[in-house]
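There are 2 protein chains.
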Amino acid sequence: MSSKENGSGKRAPAAGSPRTPGRAHPVTLREVAEAAGVSTATVSLVVNKKKDARIAEETRQRVEDAIRTLGYRPNAMAKTLVSGTSRFIGLVADGVATTPFAGQIIHGAQDEAWKHGYALLIANTEGNGELEQDAIQMMLEYKVRGILYSTWFHRQTDIPAPLREADFVLVNCFSAEPGARAVVPDEIQGGRSATEILLRHGHHRIAFINATIPAPAKDGRLLGYREALEEAGIPFDPELVMEAYPDQEGGYRATGELLKHGATAVYCYNDRMAMGLYDGLREHGLSIPDDIAVVGFDNQEVIAAHLRPPLSTVALPHYELGVAGVRMLLGLDSPAEAVAKMHCPAVERTSVRAPAHA
Amino acid sequence: MSSKENGSGKRAPAAGSPRTPGRAHPVTLREVAEAAGVSTATVSLVVNKKKDARIAEETRQRVEDAIRTLGYRPNAMAKTLVSGTSRFIGLVADGVATTPFAGQIIHGAQDEAWKHGYALLIANTEGNGELEQDAIQMMLEYKVRGILYSTWFHRQTDIPAPLREADFVLVNCFSAEPGARAVVPDEIQGGRSATEILLRHGHHRIAFINATIPAPAKDGRLLGYREALEEAGIPFDPELVMEAYPDQEGGYRATGELLKHGATAVYCYNDRMAMGLYDGLREHGLSIPDDIAVVGFDNQEVIAAHLRPPLSTVALPHYELGVAGVRMLLGLDSPAEAVAKMHCPAVERTSVRAPAHA
Chain A
0 MSSKENGSGK
10 RAPAAGSPRT
20 PGRAHPVTLR
30 EVAEAAGVST
40 ATVSLVVNKK
50 KDARIAEETR
60 QRVEDAIRTL
70 GYRPNAMAKT
80 LVSGTSRFIG
90 LVADGVATTP
100 FAGQIIHGAQ
110 DEAWKHGYAL
120 LIANTEGNGE
130 LEQDAIQMML
140 EYKVRGILYS
150 TWFHRQTDIP
160 APLREADFVL
170 VNCFSAEPGA
180 RAVVPDEIQG
190 GRSATEILLR
200 HGHHRIAFIN
210 ATIPAPAKDG
220 RLLGYREALE
230 EAGIPFDPEL
240 VMEAYPDQEG
250 GYRATGELLK
260 HGATAVYCYN
270 DRMAMGLYDG
280 LREHGLSIPD
290 DIAVVGFDNQ
300 EVIAAHLRPP
310 LSTVALPHYE
320 LGVAGVRMLL
330 GLDSPAEAVA
340 KMHCPAVERT
350 SVRAPAHA
Chain B
0 MSSKENGSGK
10 RAPAAGSPRT
20 PGRAHPVTLR
30 EVAEAAGVST
40 ATVSLVVNKK
50 KDARIAEETR
60 QRVEDAIRTL
70 GYRPNAMAKT
80 LVSGTSRFIG
90 LVADGVATTP
100 FAGQIIHGAQ
110 DEAWKHGYAL
120 LIANTEGNGE
130 LEQDAIQMML
140 EYKVRGILYS
150 TWFHRQTDIP
160 APLREADFVL
170 VNCFSAEPGA
180 RAVVPDEIQG
190 GRSATEILLR
200 HGHHRIAFIN
210 ATIPAPAKDG
220 RLLGYREALE
230 EAGIPFDPEL
240 VMEAYPDQEG
250 GYRATGELLK
260 HGATAVYCYN
270 DRMAMGLYDG
280 LREHGLSIPD
290 DIAVVGFDNQ
300 EVIAAHLRPP
310 LSTVALPHYE
320 LGVAGVRMLL
330 GLDSPAEAVA
340 KMHCPAVERT
350 SVRAPAHA
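Residue numbers (numbering that gives the first Met the number 0), protein chains in the order written: chain A, 0 to 357; chain B, 0 to 357.
Hints may be right or wrong, so weigh each one.
Note that the list lumps identical chains together, so a pair holds whenever it fits in one copy or between two copies.
[Said to hold, decoys possible] In silico lysine to any residue, SDA-like type, Cα no more than 20 Å apart, as pairs:
(1) K340 x Y318
(2) K114 x Q136
(3) K114 x Y318
(4) K114 x N127
(5) K114 x Q132
FYI, nobody ran anything at the bench for these hints, they're computed from the structure.
Extracted from the complex, chain A is given alone in its bound form:
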């Protein structure tokens, strides 16, 4: 079905058949050499702009004409063989298909990599260990400058054995091994910022619906909540901290418990939970933000800005994690610690108002 192999061994015309609008195959160094009537070695010297190579001006001109006429592109891989490393940075991601977070890490990493002349070689593993091993092997074979190993949610990770054969930086995850370089979100600061949104509006009885699942985010966001309360001189009340599964259904089911303790405001572990809680509060005839103020976490695309009312939240800095990972890998930033913590900015919308009695 393709005109690529046409039996005669000759290249199909560039215009191609109606079924193959592209060229049949890329122009080779050999074709340039034949067109210019020189050796492939001479073409190579011209292409690689070897200044000390003794080539007659007339010959050089003939080669350059042939390159232009045929549309030859120098082979980036040939340069790699000379330099030992390619202009690739590998990026292993575990959830491109199932979460919007991995995509934002990719976006940030790619923007920063391109600034410095690198392209990303991305492998999406969706948590498949075998695929991950293969992907890292492939990156090593392509002589990547280094590898960013990223996870879609912030967690501790083991370092896969082949990863150690490259320069690497962990992105949105970290290792127990001292010195392993990583960039992660600052969960404690994020938790503090989420709570401070509510404090600024005059709330004092602020509930926190934390996740049931152990994670750095669970510990960090709770600690940030406690720090913000303490700084505001509000005693910590354990009754106001509850736990639920971190999705819409979890948030919905937490509604009853939340309403038992006289909270005027609630900070949810994530936006998905807040979305479910919205449904639960509505079923109790309660209005957001008039009866209760709600803050989320993640600033998740498709949800946070589009709830009714739009949700105040704290953004996870996925784009910035991607940027910082590349900068750390290339040695452009020199953070004091092996693990750099990225700021999680507050995003205020209309789900927060001062308490009714204030």
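Assemble chain B onto chain A, guided by the hints.
Below, chain B alone, put in the same frame as chain A:
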């Protein structure tokens, strides 16, 4: 900050300093040759398993030992220079960071590419034309086997000039040029399937909230709706078709108009609209599915399965588009038409029930 350059020109020990847990640089062919006491040409012959090369068994053994000891990896790029194309397939995507759809195309394309020994070289452009040009140039320089050019929403596209230098397949988009190969979702069948969910439950007055924005999905989903009604012997009532901006706010604002025409069921152009409509119907004191049945389109992660009640919808086959794009590029599938249409499967949840009066 890195131990990569250590001044002495010698390789840092593999264990590395605490700041650089990875190797400082990959082992080279030259290092293997030095360790084995042979020429680089000999190492190359052993690595490439040249059967006709005359190498003493003892020498071959020494080289293989050195390869094992040093952890040398053969360079995939060297093979590319010999064969003329690499084991890469390029994938240009325009919305990895902002939509979950591009990620699913990547996932499908990668799974299929790996099956056939190819790795994906992915560039995320977020709609930036300059970045797109650069990305395609880069892929050409790396001698990709071909390029998948994908868009996050189904639309007509121009073919960027450099794309014509490679074998290419358009994924989730198509060109007006005859013969340009493409894989797209079957919007008409999808619209028919969405409507049929409601017909099967006994609904006759089925509204359709279409998008305001021109798109193949807008035309196709309407046509499918009309075809399904016709097949069920239900006359088309233009009053039941309205338009709104295709997001939550658009769906919410369409509520009033929807309720004017006595519909017992509504099919929304996408799940985001359905999410906003849920809010609007609730504010009117209406219950889903008891008072009105709702069907969406997209089966969007994070939304469809997590609305209250969970939303019946039709899935966009992004994963399958990625798979089909690779198969078409590699000539594994030979569809009769240059543009292959992929099935959009119905996903039934609890937002649909028979009408109250039925």
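### Query
Is it within, between, both or neither when you check K114 against N127 at 20 Å Cα-Cα?
Between copies only: 14 Å across, 31 Å inside.
### Same-copy or cross-copy closeness of K114 to Y318 [CA-CA at most 20 Å]
within (15 Å within a copy, 31 Å between copies)
### Query
Between K114 and Q136, at a C-alpha cutoff of 20 Å, which is it: within one copy, between copies, both, or neither?
Between copies only: 16 Å across chains, 26 Å inside a chain, cut-off 20 Å.
### Message
Treating 20 Å as the Cα threshold, decide for K114 and Q132: within, between, both or neither.
### Response
Between. Shortest inter-copy distance 15 Å satisfies the 20 Å Cα cut-off; intra-copy 28 Å does not.
### Task
Evaluate K340 and Y318 at a C-alpha cut-off of 20 Å and name the case that applies: within, between, both or neither.
within (14 Å within a copy, 34 Å between copies)
Violated hints for the displayed structure: none, as all numbered hints are satisfied.
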